[in-house]
Amino acid sequence: MGLRSVLREPLLHFAVIGAALFGWYQWGGGESGSGSTRIAITGGHIDHLAASYAKAWRRPPTEVELKGLIDDWVREEIAIREAVAAGLDQGDTIIRRRLRQKFEFLIEDLAQAVPPTDEELSAWLVANPSVFEPGPRVTLRQIYLNSDQRGPSAAADAAALLDRLNSADPDAEIDLLGDPTMLPPAIDRAQARDIDRLFGPGFADQIAGFVPGAWSGPVKSVYGLHLVQVRERIEGALPALAEIRPLVEREFLTERRQQQLDAVYEALLAKYTVVIEPRHGASAASDSPSEEP
Amino acid sequence: MYMKSRNRTVLLALLIGSLTPCALADERSGVGVSGIADQAQLDKVHPSKPNYSPYAGRNYPTMPLFGETHMHTSYSMDAGAFGARLGPREAYRFARGEELISNTGQPVKLSRPLDFMVVADHSDGMGFFPQLMGGDPQLLATPKGRMWYDMITGGRGAEAAMDIIISFGRNEMPDGFPTPGTTAYRNAWSETIKAAEEYNEPGRFTAFIGYEWTSNTGGNNLHRNVIFRGDGAQARLVEPFTTLPPLGSDNPVDLWQWMAEAEAKTGSELLAIAHNGNLSNGTMFPVVEAFGKKLDKDYVQARARWEPLYEVTQMKGTGEAHPYLSPDDEFADFEIWDRANLDGSVAKTQDMLEFEYARSALRNGLVLEARLGTNPYKFGMIGSTDAHTALVAIEEDNFFGKVAGQEPSPERLTKTFLDNPETGAKIMDWEVSSSGFAAVWATENTREAIFDAMKRRETYATTGTRVAVRFFGGWDFDPADAGNRMPASIGYAKGVPMGGDLRNAPDGKAPSFLVAALKDPLGANLDRIQIVKGWVDSNGKTQERVFDVAVSGNRTIDANGRSDTAVGNTVDVAEATWTNTIGAPELITVWRDPDFDSRQRAFYYARVIEIPTPRWTAYDVKHFGNEPLPGTVMVLQERAYTSPIWYTPGG
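Protein chains in written order, with numbering that gives the first Met the number 0: chain A, 0 to 292; chain B, 0 to 650.
Just so you know, these hints were derived from the structure itself, not from any lab.
One or more of the hints may lead you astray.
[What the hints assert, rightly or not] BS3-like mimics (lysine-lysine), calculated; alpha carbons at most 27 Å apart, straight line: (1) K101(A) to K143(B); (2) K193(B) to K101(A); (3) K532(B) to K54(A); (4) K454(B) to K347(B).
Produce the complete structure using the sequences and hints provided.
And the structure:
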């Protein structure tokens with residue numbers, strides 16, 4: 000197991016988060032257990048207070064101001080210890096939401112801390128070809144027959160025209176054939192989604208088996224009947240990673256963030272026993288008691 | 000054929016003229032094919048082999064791109080309070096066609112992808128909501144901040160959102176409200192840019208960088224969406240312009256000034272799109288003065304320079320025309336919101352309407368041009384949603400509401416959206432309109448090409464349909480051009496597209512227009528194409544007139560240019576279905592102005608109307624089996640409005 004894959008292990012992330020939180024308590028609060036009565040502020044922390052002040056006021060604090068900052072920090076520290084000791088943080092929606100947000104941001108940040116390698120992205124691309132595989136690209140010509148206008152004879156008209164087209168030169172001009180329409184008489188190297196976008200859903204499927212060069216149909220669209228000459232069909236090929244790397248990375252990271260979040264919760268859930276008690280009444284939708292991790 | 004019969008005859012004549020005489024006979028006998036060239040033509044091979052592709056070598060747009068220029072996400076302060084949890088990334092993913100879980104936990108997906116989108120979160124308080132909900136101490140130390148927080152966590156988010164909007168309109172935002180320069184603000188703008196950069200895929204999906212400048216003093220809506228042509232590296236050089244003093248201003252003149260400076264600083268072009276004049280209480284399209292200053296050359300030039308488009312339809316109403324201003328236009332009464340200004344604090348009076356609606360603004364613009372040398376209201380049309388959900392879900396059968404609380408639920412048919420007992424302004428959720436889209440004739444799907452098409456106003460608005468509409472004006476279109484297989488080819492060759500200009504009429508000639516519409520492949524057939532003309536008469540007064548130019552079925556257009564017969568109605572409201580057994584899939588015609596006076600300024604735009612279909616309210620009743628309130632509109636006729644083509648004498 001290489002270093003990179005180790006770094007992507009959710010359980011490791013949990014360990015790292017745990018260690019980080021532990022370290023934070025050690026550093027930030029000194030001996031900051033709820034029973035401790037010693038409050039220490041390090042030289043580094045004082046520098047940090049001074050720097051924050053300088054950033055806000057665009058000048059360093061004076062001696063008096065610095066003392067004020069330190070006094071204020073000490074008050075804050077006392078307030079937090081006493082508040083936590085008194086359980087004031089319990090059941091506070093702001094604090095709960097903020098902590099959850101920080102927890103999840105940490106996991107999400109870890110998910111993208113190590114940029115994915117080319118190998119990983121290539122593997123992802125192969126495993127998820129449909130995301131970037133364009134499918135076949137088709138070049139075609141089409142002749143439109145307005146079935147509303149032609150009525151019952153439309154199908155016969157189409158059949159007769161098809162015979163004539165297939166006995167003529169395949170490159171014969173078709174500009175004056177069929178009925179006038181805004182639909183394009185020719186389309187170049189279009190994907191199925193572009194063809195369907197023009198002629199309506201299912202059209203690309205209907206012409207998928209047409210032999211290139213020959214006129215085929217009629218194909219029914221939402222507009223009427225179409226005789227279609229597929230001129231060229233280029234089978235879709237997965238683009239090389241280099242061509243679409245930022246897009247693959249975007250999709251890859253989106254997926255990894257979600258997976259890691261899920262995996263971390265999954266792993267943590269294992270150490271909890273969750274009891275979901277029955278609701279008191281059908282109407283009490285908002286206060287059904289449940290314990291969640 | 001689905002055009003007026005005169006044109007049909009001409010078209011047939013054209014076809015027959017170029018075909019073998021037996022073609023028509025074949026059709027009559029029912030065994031042959033009409034419209035077929037003779038064998039000689041079929042067998043003919045081009046000696047010089049021109050490009051196979053008729054599009055090769057052409058640089059005009061061949062397909063309209065559909066998109067959205069006005070999407071709010073959880074980054075907008077009011078959207079967040081209304082319950083939006085999805086951000087800019089989710090907004091782009093949804094528009095690209097991905098399935099998401101909505102703000103209320105429901106799976107949702109578009110019928111088909113869109114081509115482009117602008118996430119336009121409010122510049123004031125951008126990042127406010129994440130900051131508030133994250134428990135920012137400075138915000139929560141203020142009584143307002145604390146109150147909103149408690150309201151939102153207590154399940155009264157919609158109430159909080161309305162109060163935020165009202166406080167904002169009164170400039171009563173609490174300390175700690177994020178403003179440009181603060182960390183919370185910079186983070187939100189930076190994330191907005193990053194999301195657009197990640198999801199911008201030239202050729203496939205365009206993600207624009209933008210924001211909404213929400214001037215709302217006194218509850219009067221003067222909002223504008225600002226769009227960058229350039230990329231993230233450029234947009235990062237500035238932070239959005241806000242409306243709250245001292246950093247910002249609620250005066251559009253100052254926004255335009257900011258845009259000029261931002262262009263110089265970033266090297267990225269910008270444009271602004273105003274919306275909801277209907278909620279401005281007569282201040283969106285002034286003709287005398289604005290912000291206490293008489294309209295002058297500077298105002299009209301700046302407005303014309305920075306605001307090439309107007310958002311004419313969206314969820315808070317359609318603003319093309321108003322029945323009071325256009326009593327002869329039976330289609331003007333469409334999804335109208337005309338009870339008050341945005342927050343309902345001042346009721347509407349009839350004298351305000353003229354300065355709120357697109358058509359009257361286009362008319363007044365002609366007069367202003369004569370007076371001040373520039374037409375400030377020479378705008379093209381687009382539609383967009385203004386959804387505050389990150390979900391551009393405005394198909395009638397797939398409507399996810401304006402705010403998260405209006406996502407599908409049995410309650411939304413009967414709930415109140417806004418209620419001000421003092422003014423009597425009350426709007427119900429069912430009145431929220433499932434509209435609209437911006438359609439752009441761009442040469443390709445890139446930021447640059449779409450932006451450039453917007454600048455030249457080659458755009459149209461739809462109320463949610465993806466109908467394709469062409470509109471060209473020139474001096475020499477003749478009816479035969481309507482029979483051409485490639486109307487665009489003729490259109491660009493002989494005229495100017497929507498958004499363009501005609502000047503100096505040749506002697507004795509009236510402008511002619513080639514107009515065509517192709518139904519949405521997933522949508523309803525077309526009822527008719529109309530051309531709306533506005534002009535300044537010999538007394539200096541503005542006038543308007545609506546012409547039917549192509550109608551479906553066997554209906555006729557009378558000597559006054561109208562077809563009074565309605566297309567019919569196949570909607571089964573209870574089942575929320577309709578059939579395309581009436582109307583036409585495609586309409587095309589050439590029309591010439593019968594009353595043209597070459598000395599008078601004028602504009603012309605096309606309006607395409609679909610056959611009746613179920614409104615989102617009907618889909619709701621069908622799905623939830625609940626009872627709508629009396630008076631709920633259940634059927635509508637979706638439509639498209641093109642940008643005008645202007646005629647200027649002696650220009």
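Now for the hints, and whether the structure bears them out:
1. K101(A) to K143(B): 25 Å, holds
2. K193(B) to K101(A): It holds: about 21 Å lies between the C-alpha atoms, which stays within 27 Å.
3. K532(B) to K54(A): 60 Å, violated
4. K454(B) to K347(B): Given pair K454(B), K347(B) is violated - Cα atoms ~33 Å apart, limit 27 Å.
In summary, the numbered hints that this structure violates are 3 and 4.
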